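Letter by letter, the chains look like this.
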Amino acid sequence: MSRKGRKGILGWIIPITNMERLLYSLHRITGIGLTLYLFIHIYETSMRALGRETWISTSEFLDNPVFHIGLLLVVLAAIFHGANGIRLILQELGLIAPKPTQPVYPYRKYHRERRVYIVTITMLILGIGVAIFALRDFLILLEVLGK
Amino acid sequence: MEERKVIFRLRRYDPETGGYREDRYEIPVYRGMTVLDGLIWIKENLDRTVSYRASCRMGLCGSCGMTVNGRPTLTCETQILSLERDELTIEPLYNMEPVRDLVADFHQFFKNQRAIKPYLIRRDIEEQVEPTREYLQDPEEWNLYIQFAMCITCGLCYSACPTTATNEKYLGPQALANLFRFYIDSRDEGWEERLAIADSEDGVWGCHLATGCSEVCPKGVDPALAIQLLRREILRKSLGKKTRREARPLAPLLPPEEESPYRAFGEAPEFTVEGAEEAAEKFNILHDPRKR
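Chains as they are written, first to last, in the working numbering: chain H, 1 to 147; chain P, 148 to 439.
So that you can see chain P by itself, here it is in the shape it has in the complex (with noise of 0.2 Å):
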């Protein structure tokens, strides 16, 4: 079988310059070769210089987003054969600031994330940090923010998005679609102070519905579809109508040690790993709610 060749023009930042250059490279293609496959074998082969940010290669981690002929993409799960292309422009997300060649900056975009809140908020924060008894939930609850919930922040809404384009404050469809997951969450007692951080220019009102954020998901999250269910929440409770509703109650208390089915688990184990008992310290001082 004749060797494919296809050629990766790399748009690069050089942060020394503050400008842009573009190199050309040329590598031979397999099947089922994906362009971040591609990255590396520049990499390993042509140009040790490159740089660009990736880590699990399977569409999980979310870090290998890139611009790929004019379109922010996964790289890890796009094959170059699929694109059908002899050429590939690849370029840093756009809407982010570049750090060097093809990384991008992500820090307004945790930022944005970090605002609205994205955690249970309860009125009983004793019992949600000391936990005795379980949140109920059924499937039919679950299925209302299991879509929103499969998001792996990796930007790419964010850089396809037109109002981020121009307008640095709007949070951007990725925290929208994560509040929206939260304030539908059966179990969450936050959503009027979630629905108060919508409700602004620069959170759903700065939306104009252009659902390229949808289009480019690779987890089939739909924050466009997340937007619109929380303007018509806005717009029910500004009308005086019921909105969502409230949070279950939590299940049963359990049955006495001595008859828990949980008590063969016994107590967990002590920490073998140097270091790990400051750090679970630290996990859970920054999640301790009673803290924020």
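Next comes chain H alone, as it looks inside the complex (with noise of 0.2 Å):
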């Protein structure tokens, strides 16, 4: 904690208080991930500029389970980044936000449960539907790693 009490960048992880808490977390976690993949990739696709056999011995560096993997949670941390990113644009600009209301004890249920079935929805609905044009490029995928 800092001097002024401030959690400072772990804050941004803790504390997890709710789904919503938990995605937001993911999704910087994902961000941060993608954006030092892309350098990664950039200096691994630039071994192109250096010749054919520096290219040759970079693809056989990376041709290995633990690359692999990492490219599978790439994929998979796209997926997560882009679905709930168009949930928070639509959720942020207020285009899906309910009506205020007065609240009702046990106040703290009420909201609850009207949001998680927003996030619900909406997460379901954008999930399913990038997950099935990221589906195609990932069946490719294996069977490119596969050979």
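It should be emphasised that the hints constitute simulated quantities derived from the structure, not laboratory data.
Some hints could be false.
Said to hold, decoys possible - Which stretches of chain P does chain H cover? Using the computed rule of at least three CB atoms under 8 Å from a CB of chain H, they are:
1. 208–219
2. 333–342
3. 354–364
Since we're looking at a predicted model, the values are computed, not measured.
Just so you know, even glycine gets a beta-carbon here, dropped at the ideal spot from N, CA and C.
Dock chain one against chain two, each of which comes alone in its own frame, and use the hints as you go.
So, in structure tokens, the structure goes:
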């Protein structure tokens, strides 16, 4: 904890109080992960410019289970980040916001239920939609890795 | 019935060293005992140096917010047995400067609250200061803001917010929910001013919809919803669409004094408490929009 009591970057991850807070943390983590992957990917493909020999040796170096699993994680992270990103745009701009109502005791339960429904339904619709698009590429990737 | 014991681990801030130390206390727990009751028991029976802030003990004043097991909680409303733990870790609220032990400083929190102008802004200031008529409001209009007017400024939302964890200038969920409360109030005429305050990186655009604020709110205020609705209004405004409607006209003039149903009440009584008149004068100065 910082001197002024602020949690700092640690505050992005804790406290996990609810589902959307968890999605927020995962969105940040997958975002950072995908950015890192982008740089690694640019570095990897730039090996092509150093000649055929270098490119082949780089490909051989990357052809192992650790990188294969890493690549699958990248695909999963991209699917999650994309679907959650669309949900955030819809929710953050108030496009699927419910009308304010008079809170009824016990307040927490009522609001939690309402929010959980909204998040679950949008994530399911978007998740399935994005996954169908991604599945094709995913199968191609598996086929390539299989060879 | 066997007496149940629960361990309270207090993460106490020491202003002299600037660090935290952890003290453990074992306390007997009865059914219905709240976390605040536990702290009071410790202070009365085990350690008189423990500092915490509390007042009404019934979830109204919003003084006793603390972090219990990593979650910002109103301790007077949280029963120990409902947490189903043998050990509770209690810390001061996150994202606020600790003062001593479990007490957090609300300086920045209330500064943000003041920044959003938490009062009705009217064009007819004279009428606001010396009212001759009533403001009209129907239940439908009341319903639009009452949810956000339930706030008790306990600071739990501010403490749960990941944006306040890194951005000191961010207005925070409480201030933004309060801003929306006045923005949507049909009696308010300062909506353009309010939207300008909200439309900044340290305003609604700083929020990333983690909704921890709404989750920990003990009064169901739902600041995340207020921020979403504010964003929608800003978006509508930037697209040139209609935003909030004009404030409603005032109620018709009251009948002359002799016909007024209120005349039976007569004049307000004289002040009987010493210093009350000065205090009332000071209060009026503070709340006079002509002197803001």
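Each hint tested on the structure:
1. Using a Cβ-Cβ cut-off of 8 Å, 4 residues of the stretch 208–219 of chain P lie near chain H, which meets the minimum of three, so the contact claim holds.
2. Restraint check on the stretch 333–342 of chain P versus chain H: 0 residues with Cβ-Cβ distances below 8 Å, three needed, restraint violated.
3. Check result for the stretch 354–364 of chain P against chain H: holds, 10 residues qualifying (beta carbon to beta carbon below 8 Å, three or more required).
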